[in-house]
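A.B. asks: Turn these sequences into a full structure, and let the hints guide you.
Chains as they are written, first to last, in the working numbering: chain A, 1 to 258; chain B, 1 to 258; chain C, 1 to 307; chain D, 1 to 307.
Just so you know, these hints were derived from the structure itself, not from any lab. Because the structure is a prediction, the values reported are computed rather than measured. Glycine included, every Cβ here is placed at the ideal spot set by N, Cα and C. Treat the hints with care, as some may be off.
To be verified - Okay, the calculated beta carbon distance ranges per label pair:
{"hint": "1", "chain 1": "C", "residue 1": "Lys-144", "chain 2": "A", "residue 2": "Gly-167", "range": "28 to 38 angstroms"}
{"hint": "2", "chain 1": "B", "residue 1": "Asn-45", "chain 2": "D", "residue 2": "Lys-200", "range": "12 to 22 angstroms"}
{"hint": "3", "chain 1": "C", "residue 1": "Phe-21", "chain 2": "A", "residue 2": "Glu-19", "range": "50 to 60 angstroms"}
{"hint": "4", "chain 1": "B", "residue 1": "Ile-60", "chain 2": "C", "residue 2": "Glu-294", "range": "18 to 28 angstroms"}
{"hint": "5", "chain 1": "B", "residue 1": "Ile-60", "chain 2": "C", "residue 2": "Glu-214", "range": "53 to 63 angstroms"}
{"hint": "6", "chain 1": "A", "residue 1": "Glu-19", "chain 2": "D", "residue 2": "His-304", "range": "29 to 39 angstroms"}
{"hint": "7", "chain 1": "B", "residue 1": "Leu-224", "chain 2": "C", "residue 2": "Lys-138", "range": "34 to 44 angstroms"}
{"hint": "8", "chain 1": "C", "residue 1": "Ser-211", "chain 2": "D", "residue 2": "His-304", "range": "29 to 39 angstroms"}
{"hint": "9", "chain 1": "D", "residue 1": "Asp-150", "chain 2": "C", "residue 2": "Glu-14", "range": "35 to 45 angstroms"}
{"hint": "10", "chain 1": "D", "residue 1": "Gly-156", "chain 2": "C", "residue 2": "Asp-253", "range": "55 to 65 angstroms"}
{"hint": "11", "chain 1": "C", "residue 1": "Arg-217", "chain 2": "A", "residue 2": "Asn-45", "range": "16 to 26 angstroms"}
{"hint": "12", "chain 1": "A", "residue 1": "Glu-19", "chain 2": "C", "residue 2": "Ser-211", "range": "36 to 46 angstroms"}
What the hints assert, rightly or not - Reference listing, derived: stretches of chain A covered by chain D, where coverage requires no fewer than 3 residues with Cβ under 8 angstroms from a Cβ of chain D:
{"hint": "13", "segment": "73 to 86"}
{"hint": "14", "segment": "124 to 132"}
Stated by the list, open to error - Calculated pairs, SDA-like style, for lysine to any residue (alpha carbon to alpha carbon, straight line, at most 25 angstroms):
{"hint": "15", "chain 1": "C", "residue 1": "Lys-137", "chain 2": "D", "residue 2": "Pro-152"}
{"hint": "16", "chain 1": "B", "residue 1": "Lys-122", "chain 2": "B", "residue 2": "Gly-92"}
{"hint": "17", "chain 1": "D", "residue 1": "Lys-200", "chain 2": "B", "residue 2": "Gly-21"}
{"hint": "18", "chain 1": "B", "residue 1": "Lys-40", "chain 2": "B", "residue 2": "Asp-20"}
{"hint": "19", "chain 1": "B", "residue 1": "Lys-40", "chain 2": "D", "residue 2": "Arg-217"}
{"hint": "20", "chain 1": "D", "residue 1": "Lys-200", "chain 2": "D", "residue 2": "Gly-142"}
{"hint": "21", "chain 1": "C", "residue 1": "Lys-200", "chain 2": "D", "residue 2": "Pro-155"}
{"hint": "22", "chain 1": "B", "residue 1": "Lys-172", "chain 2": "B", "residue 2": "Gly-92"}
{"hint": "23", "chain 1": "A", "residue 1": "Lys-205", "chain 2": "A", "residue 2": "Gly-29"}
{"hint": "24", "chain 1": "C", "residue 1": "Lys-137", "chain 2": "B", "residue 2": "Arg-216"}
{"hint": "25", "chain 1": "C", "residue 1": "Lys-73", "chain 2": "C", "residue 2": "Ile-5"}
{"hint": "26", "chain 1": "A", "residue 1": "Lys-139", "chain 2": "C", "residue 2": "Pro-4"}
{"hint": "27", "chain 1": "C", "residue 1": "Lys-137", "chain 2": "B", "residue 2": "Arg-120"}
{"hint": "28", "chain 1": "A", "residue 1": "Lys-122", "chain 2": "D", "residue 2": "Glu-101"}
{"hint": "29", "chain 1": "A", "residue 1": "Lys-149", "chain 2": "A", "residue 2": "Lys-198"}
{"hint": "30", "chain 1": "D", "residue 1": "Lys-13", "chain 2": "D", "residue 2": "Arg-217"}
{"hint": "31", "chain 1": "C", "residue 1": "Lys-144", "chain 2": "C", "residue 2": "Asp-103"}
{"hint": "32", "chain 1": "D", "residue 1": "Lys-73", "chain 2": "D", "residue 2": "Ala-164"}
{"hint": "33", "chain 1": "B", "residue 1": "Lys-172", "chain 2": "C", "residue 2": "Trp-153"}
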Amino acid sequence: MTEYALDELMVVEASRHIEDGNIVMVGTGLPMVASLFALKSHAPNMCYVVETGPVAPEVIPTPTSVSDPRVMYRAVRFGSLLDALGGVLQRGLADVAFLGGAQIDQFANVNSTVIGDYDRPKVRFPGSGGANDLASHAKKILIITRHEKRRFPERCDFITSPGYIDGPQGRKNAGLPQPYPDISVITDLTVMSIDKSKGRLRVDKLMPGVSLDQVRENTLFEPLVAPEVVTVDPPTRAELRILRDEVDPDGTYLKGRE
Amino acid sequence: MTEYALDELMVVEASRHIEDGNIVMVGTGLPMVASLFALKSHAPNMCYVVETGPVAPEVIPTPTSVSDPRVMYRAVRFGSLLDALGGVLQRGLADVAFLGGAQIDQFANVNSTVIGDYDRPKVRFPGSGGANDLASHAKKILIITRHEKRRFPERCDFITSPGYIDGPQGRKNAGLPQPYPDISVITDLTVMSIDKSKGRLRVDKLMPGVSLDQVRENTLFEPLVAPEVVTVDPPTRAELRILRDEVDPDGTYLKGRE
Amino acid sequence: MGKPIGGKIMTAKEAVESLVFDGATVGMGGQSIGRCSMALAHEIVRQGKKDLTLVGCNLALSTDIMVGAGLVKRTECGTGNLERFGTAFRWREAAEQGRLEVDDYSHLAMASRFLAGSLGLPFMPTKSMLGSDLLNKKSFDGVKPFEMLDNPWNPGEPVVLLPACTPDVSIVHVQKADEMGNVIIEGFTTHEPEMIKASKSVIVSCEEIVSSDEVRRNPDRTTVPYIFVDAVVEQPWGAYPTSTYRYYEHDADHLSRYQAVARSGGEAYEEYLQESIYGCETFADHLEKVTSTERLDELRRSMHRLL
Amino acid sequence: MGKPIGGKIMTAKEAVESLVFDGATVGMGGQSIGRCSMALAHEIVRQGKKDLTLVGCNLALSTDIMVGAGLVKRTECGTGNLERFGTAFRWREAAEQGRLEVDDYSHLAMASRFLAGSLGLPFMPTKSMLGSDLLNKKSFDGVKPFEMLDNPWNPGEPVVLLPACTPDVSIVHVQKADEMGNVIIEGFTTHEPEMIKASKSVIVSCEEIVSSDEVRRNPDRTTVPYIFVDAVVEQPWGAYPTSTYRYYEHDADHLSRYQAVARSGGEAYEEYLQESIYGCETFADHLEKVTSTERLDELRRSMHRLL
Numbered sequence: 001m002t003e004y005a006l007d008e009l010m011v012v013e014a015s016r017h018i019e020d021g022n023i024v025m026v027g028t029g030l031p032m033v034a035s036l037f038a039l040k041s042h043a044p045n046m047c048y049v050v051e052t053g054p055v056a057p058e059v060i061p062t063p064t065s066v067s068d069p070r071v072m073y074r075a076v077r078f079g080s081l082l083d084a085l086g087g088v089l090q091r092g093l094a095d096v097a098f099l100g101g102a103q104i105d106q107f108a109n110v111n112s113t114v115i116g117d118y119d120r121p122k123v124r125f126p127g128s129g130g131a132n133d134l135a136s137h138a139k140k141i142l143i144i145t146r147h148e149k150r151r152f153p154e155r156c157d158f159i160t161s162p163g164y165i166d167g168p169q170g171r172k173n174a175g176l177p178q179p180y181p182d183i184s185v186i187t188d189l190t191v192m193s194i195d196k197s198k199g200r201l202r203v204d205k206l207m208p209g210v211s212l213d214q215v216r217e218n219t220l221f222e223p224l225v226a227p228e229v230v231t232v233d234p235p236t237r238a239e240l241r242i243l244r245d246e247v248d249p250d251g252t253y254l255k256g257r258e
Numbered sequence: 001m002t003e004y005a006l007d008e009l010m011v012v013e014a015s016r017h018i019e020d021g022n023i024v025m026v027g028t029g030l031p032m033v034a035s036l037f038a039l040k041s042h043a044p045n046m047c048y049v050v051e052t053g054p055v056a057p058e059v060i061p062t063p064t065s066v067s068d069p070r071v072m073y074r075a076v077r078f079g080s081l082l083d084a085l086g087g088v089l090q091r092g093l094a095d096v097a098f099l100g101g102a103q104i105d106q107f108a109n110v111n112s113t114v115i116g117d118y119d120r121p122k123v124r125f126p127g128s129g130g131a132n133d134l135a136s137h138a139k140k141i142l143i144i145t146r147h148e149k150r151r152f153p154e155r156c157d158f159i160t161s162p163g164y165i166d167g168p169q170g171r172k173n174a175g176l177p178q179p180y181p182d183i184s185v186i187t188d189l190t191v192m193s194i195d196k197s198k199g200r201l202r203v204d205k206l207m208p209g210v211s212l213d214q215v216r217e218n219t220l221f222e223p224l225v226a227p228e229v230v231t232v233d234p235p236t237r238a239e240l241r242i243l244r245d246e247v248d249p250d251g252t253y254l255k256g257r258e
Numbered sequence: 001m002g003k004p005i006g007g008k009i010m011t012a013k014e015a016v017e018s019l020v021f022d023g024a025t026v027g028m029g030g031q032s033i034g035r036c037s038m039a040l041a042h043e044i045v046r047q048g049k050k051d052l053t054l055v056g057c058n059l060a061l062s063t064d065i066m067v068g069a070g071l072v073k074r075t076e077c078g079t080g081n082l083e084r085f086g087t088a089f090r091w092r093e094a095a096e097q098g099r100l101e102v103d104d105y106s107h108l109a110m111a112s113r114f115l116a117g118s119l120g121l122p123f124m125p126t127k128s129m130l131g132s133d134l135l136n137k138k139s140f141d142g143v144k145p146f147e148m149l150d151n152p153w154n155p156g157e158p159v160v161l162l163p164a165c166t167p168d169v170s171i172v173h174v175q176k177a178d179e180m181g182n183v184i185i186e187g188f189t190t191h192e193p194e195m196i197k198a199s200k201s202v203i204v205s206c207e208e209i210v211s212s213d214e215v216r217r218n219p220d221r222t223t224v225p226y227i228f229v230d231a232v233v234e235q236p237w238g239a240y241p242t243s244t245y246r247y248y249e250h251d252a253d254h255l256s257r258y259q260a261v262a263r264s265g266g267e268a269y270e271e272y273l274q275e276s277i278y279g280c281e282t283f284a285d286h287l288e289k290v291t292s293t294e295r296l297d298e299l300r301r302s303m304h305r306l307l
Numbered sequence: 001m002g003k004p005i006g007g008k009i010m011t012a013k014e015a016v017e018s019l020v021f022d023g024a025t026v027g028m029g030g031q032s033i034g035r036c037s038m039a040l041a042h043e044i045v046r047q048g049k050k051d052l053t054l055v056g057c058n059l060a061l062s063t064d065i066m067v068g069a070g071l072v073k074r075t076e077c078g079t080g081n082l083e084r085f086g087t088a089f090r091w092r093e094a095a096e097q098g099r100l101e102v103d104d105y106s107h108l109a110m111a112s113r114f115l116a117g118s119l120g121l122p123f124m125p126t127k128s129m130l131g132s133d134l135l136n137k138k139s140f141d142g143v144k145p146f147e148m149l150d151n152p153w154n155p156g157e158p159v160v161l162l163p164a165c166t167p168d169v170s171i172v173h174v175q176k177a178d179e180m181g182n183v184i185i186e187g188f189t190t191h192e193p194e195m196i197k198a199s200k201s202v203i204v205s206c207e208e209i210v211s212s213d214e215v216r217r218n219p220d221r222t223t224v225p226y227i228f229v230d231a232v233v234e235q236p237w238g239a240y241p242t243s244t245y246r247y248y249e250h251d252a253d254h255l256s257r258y259q260a261v262a263r264s265g266g267e268a269y270e271e272y273l274q275e276s277i278y279g280c281e282t283f284a285d286h287l288e289k290v291t292s293t294e295r296l297d298e299l300r301r302s303m304h305r306l307l
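C.D. replies: What follows is the structure, encoded as structure tokens:
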């Protein structure tokens, strides 16, 4: 069996949620790695849209910022944040968007604003950025994160980016645009996806060698469990070669290779 | 005395309402001639904004359309109709705008839509275009027109572009943005301007050799009359030279030279 | 999902067959005598697509022909004219005879409606049209043509809300496009960027197809990226007899000739349609019938002198 | 009236003296580690303009320094971070200690507020922020941070209205400008075009002053025309240590050094301000103090390899 790091596994698994031809809104970090991997492997016609404006760049590895010249390389158009977040995302054209955050709750709401009280926070995080917009308008939301217990509370201290808010009717009651998104959370332990009929996260897959109990022990809420929980396919040798040689050759993000 | 055509007189008089540094929104025809004349005579820093987008072109004489390459020549920016009518005009930056129309009433409302009933018009005109926008947002409105009786009714059949609507409070009641504009109507008989305290047109000037009675006879409403009605200064020899040599050398618009 | 990355180059015939349908709302490119989408409008006329609603800012020659051919149920626009060549006469007569629903807005109002559509918003505010009779019109189909709102940040101040305009398909003639569908408009862009981005599908005809490599080397120049565009039709002179900036001037002679038959209407007009459109298989045939290489060269040189 | 046609070229000192005032709302250009308006921010710090409200999308290094210098009363923004270099630490601590009013919006919400301002509208609708706690915040000063409206064209559908944001003065660092004040931004433009056009006055610093003749020969390239701009400051490296597309990469070393002192705060931070800003008369002095010609050349070469 090919050896791989957990980050590599997470990235490859995330990339499997991207289909060829998708418009993907993406920042930097592991989401960038995952989408660039999709582009170089199974989604050659994927279209990157960067929040700051650029459309369909031929990304040079490995960008470290949404203002990085590497995400502007041979774009078909430079544009503005309004073009990207208004004219593509709110316009309903974004198929996939990545989110990150300090807390993800059972309804897949994400907090990247504060721990504690908003007006006098215990910890102040950077805030929404485009995250709230992505969560409001993209058709599929992907979250890649380390599976730490404190990251998965019953309820976020602050909902920066709406998941299903408080249940299956949450987005409808809030007046969010349809169609309501698929949401998947890819961690080093599991892949949880939203069960739309319940508006809650459900364990669909486990990372190789991980048990359901391990997921439960590391999650503050009680996730739903799919009737048949499958194991995530490990990356193939070919996938790892693309990942390591073409996507992040300098190990900017994927440092922990085994 | 230098000889001149009535159109030349009207154009030069209109140009006197344009100050150096003004942003002027202008289409084609006599308004274009008047503003180009201002640019070439006393307002070298005037900024043309063309409805279709271009900003500050070094207009080549003599444009016949807002899509004419002559109004794009050496512009500092090409842009869109939204940039021009939204980003400059509605944004409150336009100092002067020209209007034309089939009817101008005592409140300086302009009709360029229909004679008769809107749903089954006796005569259908082209419609607002940008005229309603100009009348709503520019700080000074200039109208150049032949003085024909039927053009000056008590009340327009249809208000395409608001003047003072029905009196001094008309624009306020309608919620139009402040400041409320100066409006001048330059005809071959007279210059009428809005009396803001009454919201009605007032004869301020007469063209050389024209009497107040002539104006009254050719106007279906009873205009106010300024305490001191002055005579419009005829164009100077130098002005006529600029007009004929630099502004409309081919006589595209100014055909009736004497 | 945006539009795919390739497979977009087709003939006008193919594009109109696959994307324009009876009853469609069609976004009209161009303004007055500049860059009207003539080749695509002719093709729609040839294919006899019916009950169309035409939307745009200045609806000029292309609209007049489609109205004249009896294909149009309604126009939603700011103006219908050809500037110094006069009114759009077929449009005007149809309006006067009650054969056409004309829904009037100001140009900024139309651009604002397209802006709303392009941003995925249900409506856009404006401070235009207040106090005018443009706010005294009825609805043609039960859809409110506007709504008044009291400004929440300044009670007592009315604001006009305009419904988004999202054409089923827009037809636009531009200078350049590539096979991906990236669009380069040179010179004025009028209402087209917002209209294109608000549309469910878009057919672009262009003077020249450029390589995607050239587009990627100058991303500053791209007006609209490919994700909004369905079909690219290579059609030199595709705006004739209106002008295309940097390519050719409008043909005043042909415009005057058209206006003469459009004004008279009746048989003269039917003959024009028959000879210049129905009787031509393609726009190239039309050009061959109504003008000459010499004349076209003249229009090209005339434009080049003005750059 | 727009801005005059000339007389705009001045030093950062002159521009900030004449256009930035205590209590002003300042529009902040740049995003994360790209094109932050560092030279102009330094000058504001040197002149000690107080009680500022900073507005923008991603408020990064320039904001952090102005907060760190104690000049800022409130921020209205979407994020405060430097991406992989971490949070804006001075901003974060001030927020946590209640010394700073932070008014959170999403990035699209801020861009929409600038769009409203740029079009002369009192508000802009959005479908973002629904269902989130961004709609559960109080007002800092009695001005409603948003308003809910029932969509008149689809009763039962809520739409968020956001108040226009119209900065008193915006500070932006760009690639090129001319003496008229025409602005050319290359690469991403983020929220800047709308913010600039929404502002009552605008200071632009640029890598290069180009001739107005060059601007007029390529009007397609102009991002914002001169009628919106008050002051043009020629300031090569004016975004350092953040990047300027086509000119230079960000300086990761200096950013890390700043983040270290910003994180620790206290005396170390005061020393940084003293040495690198207060102790420098101009931004050129700052560059001389904190970096070297060799390092700058390296950043320039590093960018050129990525074009």
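A.B. asks: For the range 28 to 38 angstroms, tell me whether the beta carbons of Lys-144 of chain C and Gly-167 of chain A fit it or not.
C.D. replies: With a Cβ separation near 34 angstroms, Lys-144 of chain C and Gly-167 of chain A satisfy 28 to 38 angstroms, so the hint holds.
A.B. asks: Holds or violated: Lys-73 of chain C and Ile-5 of chain C, Cα atoms, limit 25 angstroms.
C.D. replies: At roughly 34 angstroms apart (the allowed maximum being 25 angstroms), Ile-5 of chain C and Lys-73 of chain C break the hint.
A.B. asks: Lys-137 of chain C and Pro-152 of chain D were given as a pair; does the straight-line alpha-carbon distance stay at or below 25 angstroms?
C.D. replies: Roughly 17 angstroms separates the two Cα atoms, so the pair holds.
A.B. asks: Taking 25 angstroms as the top limit, are the C-alpha atoms of Lys-200 of chain D and Gly-21 of chain B close enough?
C.D. replies: At roughly 17 angstroms apart (the allowed maximum being 25 angstroms), Gly-21 of chain B and Lys-200 of chain D satisfy the hint.
A.B. asks: Below or equal to 25 angstroms on CA atoms is what counts here, so check Lys-172 of chain B against Trp-153 of chain C.
C.D. replies: With a Cα-Cα distance of about 17 angstroms, the restraint between Lys-172 of chain B and Trp-153 of chain C holds, given a limit of 25 angstroms.
A.B. asks: Under the criterion that the straight-line Cα-Cα distance not exceed 25 angstroms, is the pair Lys-73 of chain D, Ala-164 of chain D satisfied?
C.D. replies: holds (20 angstroms)
A.B. asks: Between Ile-60 of chain B and Glu-214 of chain C, does the C-beta distance stay in 53 to 63 angstroms?
C.D. replies: violated (29 angstroms)
A.B. asks: Can the suggested window of 36 to 46 angstroms be confirmed for the beta-carbon pair Glu-19 of chain A and Ser-211 of chain C?
C.D. replies: violated (27 angstroms)
A.B. asks: Are Leu-224 of chain B and Lys-138 of chain C spaced within 34 to 44 angstroms by their CB atoms?
C.D. replies: holds (35 angstroms)
A.B. asks: Within 25 angstroms, alpha carbon to alpha carbon, are Lys-172 of chain B and Gly-92 of chain B?
C.D. replies: holds (17 angstroms)
A.B. asks: Could you grab the alpha-carbon distance between Lys-40 of chain B and Asp-20 of chain B and see if it respects the 25 angstroms cut-off?
C.D. replies: Holds, at roughly 11 angstroms.
A.B. asks: Regarding the pair Lys-122 of chain A and Glu-101 of chain D, is the alpha-carbon distance no greater than 25 angstroms?
C.D. replies: OK: Lys-122 of chain A and Glu-101 of chain D at ~15 angstroms, within 25 angstroms.
The structure is inconsistent with the numbered hints 3, 5, 8, 12, 16, 24, 25, 30, although it conforms to all the rest.
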